[in-house]
Structure formats: C-alpha cells, structure tokens
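Engineer: Residue numbers (numbering that gives the first Met the number 0), protein chains in the order written: chain A, 0 to 429; chain B, 0 to 429.
Derived by calculation from the structure, the hints in this document are not laboratory data. Hints may be right or wrong, so weigh each one.
Said to hold, decoys possible - Which bits of chain B does chain A cover? Going by a derived footprint, with three or more residues having C-beta under 8 Å, they are:
hint, segment
1, 133–146
2, 286–296
3, 345–355
As the list claims (entries may be wrong) - Residues from chain A that face chain B, not an exhaustive set, calculated with beta carbons under 10 Å:
hint, residue
4, E35
5, A97
6, T368
7, A411
For glycine and all other residues, C-beta sits at the position ideal for the given N, C-alpha and C.
There are 2 protein chains.
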Amino acid sequence: MIVSADWVLPIEGEPIADGAVVVEDGRIAAVGPAAELGEGERFEDSVVVPGFVNAHSHLEYAVYAGFGDGLDFAEWILVHIERKARIGWEEHVANARAGAAECLRSGITTVGDASFSGAAAVACAELGLRALVYLEVFGGPEQLATRFEPARKRITPFLSDRVRLGISPHAPYSVTPELYAACLELGLPVATHLAESEDEHRWLTSGTGPWERFADALPPPLGTTGIRHLAARGTLSPRVTAAHCVTVDDDELALLAASDVAVAHCPRSNALLGCGVAPLAALRGAGLRVGLGTDSPASAVSFDMFDELRAAVLGERARARRADALTGAEALELATLGSARALGLDGEVGSLIPGKRADLTVVSLAGSTWLPWEDAATAVVLGGSPDRVRLTLVDGEARYRHGDTQWHALTAAARDARRRLLAPAASTPR
Amino acid sequence: MIVSADWVLPIEGEPIADGAVVVEDGRIAAVGPAAELGEGERFEDSVVVPGFVNAHSHLEYAVYAGFGDGLDFAEWILVHIERKARIGWEEHVANARAGAAECLRSGITTVGDASFSGAAAVACAELGLRALVYLEVFGGPEQLATRFEPARKRITPFLSDRVRLGISPHAPYSVTPELYAACLELGLPVATHLAESEDEHRWLTSGTGPWERFADALPPPLGTTGIRHLAARGTLSPRVTAAHCVTVDDDELALLAASDVAVAHCPRSNALLGCGVAPLAALRGAGLRVGLGTDSPASAVSFDMFDELRAAVLGERARARRADALTGAEALELATLGSARALGLDGEVGSLIPGKRADLTVVSLAGSTWLPWEDAATAVVLGGSPDRVRLTLVDGEARYRHGDTQWHALTAAARDARRRLLAPAASTPR
Chain A
0 MIVSADWVLP IEGEPIADGA VVVEDGRIAA VGPAAELGEG ERFEDSVVVP GFVNAHSHLE
60 YAVYAGFGDG LDFAEWILVH IERKARIGWE EHVANARAGA AECLRSGITT VGDASFSGAA
120 AVACAELGLR ALVYLEVFGG PEQLATRFEP ARKRITPFLS DRVRLGISPH APYSVTPELY
180 AACLELGLPV ATHLAESEDE HRWLTSGTGP WERFADALPP PLGTTGIRHL AARGTLSPRV
240 TAAHCVTVDD DELALLAASD VAVAHCPRSN ALLGCGVAPL AALRGAGLRV GLGTDSPASA
300 VSFDMFDELR AAVLGERARA RRADALTGAE ALELATLGSA RALGLDGEVG SLIPGKRADL
360 TVVSLAGSTW LPWEDAATAV VLGGSPDRVR LTLVDGEARY RHGDTQWHAL TAAARDARRR
420 LLAPAASTPR
Chain B
0 MIVSADWVLP IEGEPIADGA VVVEDGRIAA VGPAAELGEG ERFEDSVVVP GFVNAHSHLE
60 YAVYAGFGDG LDFAEWILVH IERKARIGWE EHVANARAGA AECLRSGITT VGDASFSGAA
120 AVACAELGLR ALVYLEVFGG PEQLATRFEP ARKRITPFLS DRVRLGISPH APYSVTPELY
180 AACLELGLPV ATHLAESEDE HRWLTSGTGP WERFADALPP PLGTTGIRHL AARGTLSPRV
240 TAAHCVTVDD DELALLAASD VAVAHCPRSN ALLGCGVAPL AALRGAGLRV GLGTDSPASA
300 VSFDMFDELR AAVLGERARA RRADALTGAE ALELATLGSA RALGLDGEVG SLIPGKRADL
360 TVVSLAGSTW LPWEDAATAV VLGGSPDRVR LTLVDGEARY RHGDTQWHAL TAAARDARRR
420 LLAPAASTPR
C-alpha cells in the first residue's frame, strides 16, 4: 500500500514535496518522493502527517461537552463526580466508543487514556485505536485490590500489543502517598494529574482556599506541592506521564527533569477551567519530554486535536509575546513525536520513518485559503479540522475515511448516557 | 417567512426553547415560541442567533493565510506591504469576494471592514453582506485627495443603506496628527488600529526598539502613546472604533472611556502575532463598547468567527484564571450586540428583537456531543463551526445555506492572487 500527497511531513526528516509513504505489514517500509516510490492512493491538496498522539485523554467522557462550564475547578469536579456515578459499564463503553471514533476522525492514532472504568480498552480494541489505557485509582492502597484488579481482569481480553495496560493514580490531592508508591511498584506505565491549578496548590501546601470546604472528601493536605511530595517519596520516574503542570516553579521543573517525568500539555482544558497556561517553553527548556493532550470534552469540549493545536499555539505566543514562540512545525511535532516520547512509544510511533508502525493521517486543505502552499505544517496546524481529515491509518489499516459515519452513529448511541448524566437538571441555557 | 429551531437566543431577552423568528420585509416582526408563531422552516438540533457582527476585518486579505507566520510584527507587516503591492484592483475584488463569502459561511452578517483599495464595498454589495467599509489612508492629510477621494468615487455606485462608507486612518505610527484630524472632520465612521503591540508602544513613546530600523518609512515617533496622542489632539470620538487595544494602561482606559471610543477585540490576531491578550475585563469594566473581530487571514488565518469566539473565551479565562471570566453567553453577546454597538449599528442589528433587520444565523449541533442541550449559548460558542452553519440571512434574504459552494468557487477564483502574492518565494515548508 502506498499513500501520496502534495506534502509528506515525516517530523523526523525534512518535508517532502509530492511525497509518498509505502506501507507493508502494518509498518512503514519507505518514505520519499512519489516519483521514486509510486503514487498509490493519491490525495490532492493534502498533507500526510504521522497520526496524532493524544498524550492525555478520557475517552469515557466523550459526551460531557460543556458540563458545568463556568464553574470553578472544585465545583466543576464535584458536578463531574456526581454525574458520573449515575451511569454504569455499558454506558461507559458506549461513551468510550464515541470518544475513540471522534479521535480517529480527528486524525488521532494513539491515546494515553486515563480510564475510570476500563471501558476505553474495549472501545480502542474494537475500533483499532492504539492506546495506553491507564486504569484510574483514588484514595488509599486498598484500591489496587478493590478497584484496579477487577478492572484489569475485566479488560484483559481486550489488551494486546496495540492496547496496553497502565495505571493512573489520579492526583496528589486525591491519592495517598502509599497508593502512589504501590502504583509505581507495579512496573506499569503511570499517568497522573499534577499541578493543575492555583486552588490545588493552595490546598495541598496549606489546607486553605476554595478547596477547604471539600476537606472531608480528600486525604489530608500534604504541606507541600504535589511534585515536591512525589519527588521526596521517590515516586517520580520516567514511566510517569503528568498531565497539566501549569503551576510549577523552577525547583519543581528541576525535580521533574531529574526523574525524567514526561508532561502532557492540555491547553484547552487549562484555559477553559480557568487554571491558566502551562509554561511550555520552561517545560521544554528543562529538557522534559512534552506532548499534547486533548484531555476530555468534560473540560476541553472535544477530542479535536486541531483545536488543541491552535490553542497551544495561541496560548504560547500570547504568553511569550513572540510570534515564533511556537511555530506550526513545532506544534505539529509536539502532537506527534513529542506525545509519543511522553508516552514512551516513540520507538514505534510519532514520526514517519521506516520500521515504525504505519500510523498516519492525511489532511486536506482543498478549497481553503491555504493554497498554493507556503508552509504545509502551519497550514495543517492552523487550517486543519476533523472535517479535513481524509484518512487515518493505524498499523496500516484504514480506521477512518472522510465520509465514514461510524463516529456519528457511535455518538448518537452515547446520547442516552448524556441524557441520564444531565437529568434531573433542567435543560435551560444560561 | 418564519425560521424556527430548538433554541432562539435573542441576546436582548431570555433564550426561547422551541423558538421562532418571524421575518417581514427584511425586518424581524416577532420572536417567541414556535407554538405561538408557527414553525415555518424548522431546523432540528439547531440554534438561531443574531448574525455575527465582525467588528474588525480586512476582506481583501482573504487568501493571505499564514503569510509570514512566525515573523515579529514589524517584519510581518513589511512582508505584507511588499506582497500587497504586487496585485491590483481586480485581484483585490476577487479576494474581497472570497472574504465576504467566507464571512457569510461563518454566520457573519455585518463587517466593519478596513479596506485598502475599496474592493470590500464591491464584494459586500454583490454578496449581500452588510458592511461599514472604512477606506484606509496613511501618512499625511494629502491622502484625503490622493487616496480617499479616488477610492470613494470608485465605490460610490456600490454604496447603499446596507453598504456604508467610513474612513480608516491606519494607526498612530503610520498616520500624521493632521491626517487623523482631517479624517475626524469628515463626519464619517472611523476605524483605526490602536495599541496593538509592545514594539509599537516602544517606538511611539521613545523611538527605540525593533521598529527603529524602519524609522525612514514612518512618521516621527510621538513621544507618547497613540491613545494619549489622539486624546490630546481631540481626535477621539464615539465615531471611532479602535482595533486591538492590547497595551493600554489605566489612564488610557479612562481617556478611551471619556471619549466613548469603541474597541474591536481581535484575540487570534493578537495571539498569533505575539502581541499578547487584550485586557477584555478592564476594557469592559471601563464602560467601553467592545466587540469581536476576526481581523484578517493575514494574521488570524481565517474569517472563522467560531474560532475567534473560542480564542476569546480561552484567552480571557486563561489570563483571568477564572472559569467564568467569559461565559459562552457573554462571548456570544460580544460577537453580536457588542460588535453592533462598537460599530454604532445596534439600532439595526446585533439582537433578535422586533423592528431590527432580519440578520440571523442558524447553527446546527446535530451529530455532536452537545446534545441533549445543557446550555445552548455555550454549545454554539464552543461547539460551532462554519460547517455547522445552516443558514445566514441578511435583511431577511438567504445569503448562505449549508451546501452552497459559492464560497468555494470564489476562494478558488482568488487563488491566482495568492499565487502572485507568494511568487517568487519558494513554496518550501519550514
């Protein structure tokens, strides 16, 4: 199988005009000019990029768009927890299917998914989306037996080389030091939420601020920040991917770097929840592996990686007051190879080089104002959208083609879950 | 004619579930429940909003997406000026037609357009887009005779109650005090660019910084900021709409408020050029009329008002570190009634109340994760896109319907202009 287009952007290697990618047995066999490799299936006015790697998602929250929008973080998470308790396994699976389908339609080929129920593993196995499914745990170490093990058993039939297991101790404000340590000892990939908001910082360090009113529902405050706490306990490692890292000081950057912790940057979620803008330049400057994540519709409203890319570029340039603070090419690398590195999967995905998995996305700029081309990477990043995705391949198999309506059917199937999540709140717009 | 949908959001007045808008002779005759007014043309899973009012655009730059992306403001504007000089009237008209069509497809029914050549008036008259076309002038007062008058004569046949004339002295760094004063004396609506970047601020106040190298091409620095300068000269007025206002201090806010100057907030342009985030809360808090503008694809990459709305919400919430800093409902008002007020057109457009012009937009959320509804305004703002626009009415006439391909044909027609603008630069992605 050969895919060719006006541009191939391998990320590792220079852009190739009129380029082609040769796929054999689910892997990339060659990348180069179509004139040498053959045209195969040719996409006009299009760009071939590595499939996007979503460094932090929650597929199960696919139909949560707008829930509690405008509430502060603590109130928002309480609404979220209360509503989530209303639905069960079948609905989590239906939601995760919708989420996986929306990811594929957005050109995403791999997710690092923090999964409340494990349903993400079922959905990813069914839909062919590559995944690291981190089963979520909360509270104390007993959750390894009461929560992690049952979920692991339930999803074991769906695990494979493509859908792998991880664990996600939720956050330093919701997980005891003992559970963090126990999670690390399992030897699995670990995802966690770190340093997301000022309110979290204030609660953890001093037990004060807006979160004080939820003291009964949380472990005791730590007297220090989450990052310092985990570092002191020896529970940071290269196997840890930390979402957010918005409120980090220089010493915390050094602690993260010393342990080679990776970061999933989630700019839409951080902005919409009023958490702020993570210091992307400082995170990268400290040598950390940084990827891009959509988080979930519960905060970021969609799995649209193009919207996430634009939010990353706008947020970073506005904060740095530099037009070159994050170029289109740098943003594209962040959402592909950067995320793959952050998940420890860069040996297999994240760039278009021979030997890697044939995970790729074709984005069409046809009919837009981006042609003729000046800068194909910027055109994809600032001009792309799910509606412009023509083809998404995972392991060389077409998992989404423009015009497919599977995503639409799966979203409709999940709508009942949204209805139950919303009831009995009146459906009155503010 | 009656248009009905799941929600009608009149902006002035509460949201109406299963609402309808009755149109007679190009004006709104009634707004209320469809059960009372009749269903007419019913849009499922949809919202009726006032047509978006684009408070600051440059339709002529419709095919400039990505030009010079990553350059600092001064370098970027030089690239822009050099390229713009390569094309002539016919190409400006072709570009403006593409821009007007893209606006209508994005649900925009009115533009406040700063027009280099006047071509925007031709395009808006042809396509039925309501417009205030501000003819741009630069340098000294002789431009009223050498530039403004010839352009005014050329576009006079295209002016009407719907397409009106204004003048745009470009900016305090490119226009002498005498030309500003002469523009104000004309009695026309005035648009200008104010306080866009730190570099501009530094140049104007001290003649130093990155702009020093362009000293020969600019009027002498003012020794003060543009806002202080215009205020001292008595050339601020309620007829002035100022784009940007990113770098404003409290005294400048007071000066703008004292003269009732309006502001066009352009968050995508400001972010992408590295100018920063305008202090929206402070601008509104000072009592200024503030609207939302897409600026042009040359900086903001498109006329997509939905992308602009999202950038406004993300930017404001991230800066204020509050999830409720700009709600969906507030953002929607900013892009409709807010912009109408900023252009002095709120007696005629910007909200759905009887007697106003029948300018409205139908946005469908069908197939998305926003249904069932929780908050229709937030769904439109955070979930809308040009592809979700079903109908755009101006003066009660359908100027865009989903599936129309006029925008596509007009964009293709303008592609030759982009080709000439790009030549002879090689089309090599960075």
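Engineer: Are the hints correct? Go through all of them and say.
Structural biologist: Evaluation of the provided hints:
no.	hint	verdict
1	133–146	violated (count 0)
2	286–296	violated (count 1)
3	345–355	violated (count 0)
4	E35	violated, 19 Å
5	A97	holds, 7 Å
6	T368	holds, 5 Å
7	A411	holds, 7 Å
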